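**Q** Each chain, written out:
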Amino acid sequence: MSMQQTLPLPGVAPERTGGYRRDHLLVAEMVRPGSRVLDVGCGDGELLQLLESRGIDGRGIELSREGVNGCVAKGLAVVQGDADTDLVNYPDDAFDYVILSQTLQATRQPKVVLENLLRIGQRAIVSFPNFGFWKMRLQLLIGGHMPRTENLPASWYDTSNIHFCTIKDFVELCEQINVKMERAVALDLYGRPVPLNLPWWVWNMFGEQGVFLLSRGGKGK
Amino acid sequence: MSNVRPITSQPIPSDDRAHEADHPSSLVAKFGMDQPLKLDCGVDLAPFQIAYQTYGQLNADRSNAILICHALTGDQHVNNTHPVTGKPGWWDTMVGTGRPIDPDKYFIICSNVIGGCMGSTGPASLNPATGKVWGLDFPIITIPDMVRAQAMLVDRLGITTLFCVVGGSMGGMQVLQWTAAYPERVFSTLAIACSTRHSAQNIAFHELGRQAVMADPDWRGGRYVDEDTHPHRGLAVARMAAHITYLSDAALHRKFGRRMQDRELPTFSFDADFQVESYLRYQGSSFVERFDANSYLYLTRAMDYFDIAADHNGVLAKAFAGIKTRFCVVSFTSDWLFPTSESRALVHALNASSARVSFAEIETDRGHDAFLLDVPEFLDISRAFLLAAGKARGLKGDGQS
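Line by line, the protein sequences give chains X and P. Per this note's numbering, the first sequence starts with residue 1, numbered consecutively. Per this note's numbering, the second sequence starts with residue 1, numbered consecutively.
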């Protein structure tokens with residue numbers, strides 16, 4: 001989990017505002033002050049720190065020992081654990097929000113994980129790299145290779161990202177499991193929002209990652 | 001078979017040890033008939049005494065006290081030369097100037113557990129009613145009893161809330177009992193290599209140790225002091241068996257392998273040909289010099305009875321409902337006595353109680369004993385946790401380093 005969370009990898013640095021990453025600020029803005037938050041795959045705790053600075057009661061799960069150690073050093077309440085196996089141990093409605101940042105694609109069962117997020121939390125905030133991003137498409141179409149980008153530099157044989165999807169795929173999954181999308185934002189390579197008034201296919205093409213605020217219910221099956 | 005040596009060649013009547021049981025080289029808090037210790041077995045123990053050591057200074061608002069809870073065969077001598085063995089304190093890696101638990105910053109308390117043999121009332125102490133050593137007349141004690149006695153000591157020291165309660169193994173059990181029994185008195189806890197209940201396998205190992213002691217003819221039904229003997233062979237065997245459980249296969253292999261002890265060829269006898277045998281014999285014989293056999297029976301029993309969930313209708317999370325204490329739980333990958341799964345069960349219960357918990361599993365091949373050793377990652381985490389908790393507590397000098 002830390003691999004994804006400790007973006008940026010060589011090449012692109014997400015833009016920062018006031019010392020915080022743009023994508024983190026976007027997530028933080030989606031969280032109501034005073035609420036309880038679980039950050040699944042919290043990496044070195046940068047997002048949790050931002051949330052706590054805003055009076056949010058935060059907890060984290062992180063797979064890597066280095067990540068956990070770094071979080072404990074920052075005074076954060078983080079436990080070592082795995083999104084695939086450990087979410088089942090959290091009771092229903094334990095949190096107001098459960099955040100899964102840049103981790104969904106590294107889980108073995110993304111659908112089960114997503115369902116667990118919305119069981120544990122009233123709302124979930126999920127961000128993931130968009131495999132529909134134009135650079136990805138181009139590499140497969142022209143180069144004939146599995147795509148690699150600045151933010152996802154690993155080769156197919158050594159990547160921990162085993163379940164890539166596009167923004168369109170994710171939207172379809174949410175509809176399938178009856179999850180309501182309260183807000184959706186696509187970010188470009190630098191963590192800047194893609195303009196809101198553009199159609200979905202543009203997002204799916206030019207969004208490097210998608211950030212979704214989800215809640216239970218929705219359209220019904 | 002003339003070269004067969006028993007584990008210890010002759011009894012070691014340690015006058016120092018016997019003396020420490022009633023007249024410890026420590027501070028002593030005495031509780032009279034008017035302040036009995038109410039034991040889980042129904043007995044009111046009075047009078048009784050608690051032997052303890054302190055390091056550092058209590059600050060003006062009494063907010064910097066750390067209570068260290070010792071493990072099964074530990075004692076209050078955390079960070080000073082041991083009065084019986086002359087060895088350094090048992091937790092010099094964790095406690096001391098520049099260490100995570102620094103006497104320059106914190107007021108550190110460690111008391112010998114009730115039932116122990118280093119100055120707190122236990123089976124090796126004199127029973128004032130008879131003028132003889134308690135022996136098996138001493139009532140059965142539990143982990144909650146130990147903690148109840150510590151709480152009386154902390155009251156006596158004028159401390160309302162402990163900044164942190166720290167301990168590994170049996171000490172970790174006491175840490176968890178503190179949070180379950182006195183949640184409002186514990187600001188933070190560091191619970192290391194422990195469990196909320198003793199497993200069947202661990203009870204089995206303890207029973208093995210107790211049977212070894214009781215099988216020694218010198219045990220004399222627990223009255224060995226009156227009869228001027230000591231079941232040193234039985235206690236040494238108990239220690240040898242237990243010591244194996246504190247290590248790991250990998251650690252034993254790395255430390256000893258199949259290497260021979262002061263010889264190149266096997267002697268074709270039952271002498272200690274292998275280094276690992278020699279090491280275990282040494283561990284056994286040095287242990288009996290400083291530890292009382294009956295005390296070993298009582299303390300292992302206390303661990304066996306420990307089960308926090310049992311006191312809360314079998315639901316562990318209820319023990320910690322609504323708790324504000326900051327938890328740091330640590331386990332070690334190669335610990336098979338208190339494996340990581342036990343710590344995870346605790347963490348799950350704490351999560352279900354919405355407690356503020358950090359949990360780290362430390363990679364090491366040194367087994368259960370890792371918490372006593374120089375394992376940098378473990379010590380770093382402990383230091384970081386205490387610093388962050390100190391900052392939240394408003395302790396001076398914290399959060400700046």
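Do not take every clue at face value.
[Stated by the list, open to error] Each pair of labels, with its calculated beta carbon distance range:
| no. | chain 1 | residue 1 | chain 2 | residue 2 | range |
| --- | --- | --- | --- | --- | --- |
| 1 | X | Arg54 | P | Gly322 | 18 to 28 Å |
| 2 | P | Pro88 | X | Ser155 | 47 to 57 Å |
| 3 | X | Val88 | P | His19 | 24 to 34 Å |
| 4 | X | Ser53 | P | Glu377 | 24 to 34 Å |
| 5 | X | Val88 | P | Leu208 | 31 to 41 Å |
| 6 | X | Asp158 | P | Leu27 | 36 to 46 Å |
| 7 | P | Glu227 | X | Asp82 | 31 to 41 Å |
| 8 | X | Asp158 | P | Ala250 | 48 to 58 Å |
| 9 | P | Lys391 | X | Arg16 | 53 to 63 Å |
| 10 | X | Ser53 | P | Glu184 | 49 to 59 Å |
Hints are computed from structural coordinates only; laboratory data are not their basis. Model, not experiment: these values are computed from the prediction. The beta carbon of each residue, even a glycine, is placed where N, CA and C say it ideally should be.
**Q** Run through the hints listed earlier and report the numbers of any the structure violates, in increasing order.
**A** Hints 3, 6, 7, 8, 9 and 10 contradicted; others consistent.
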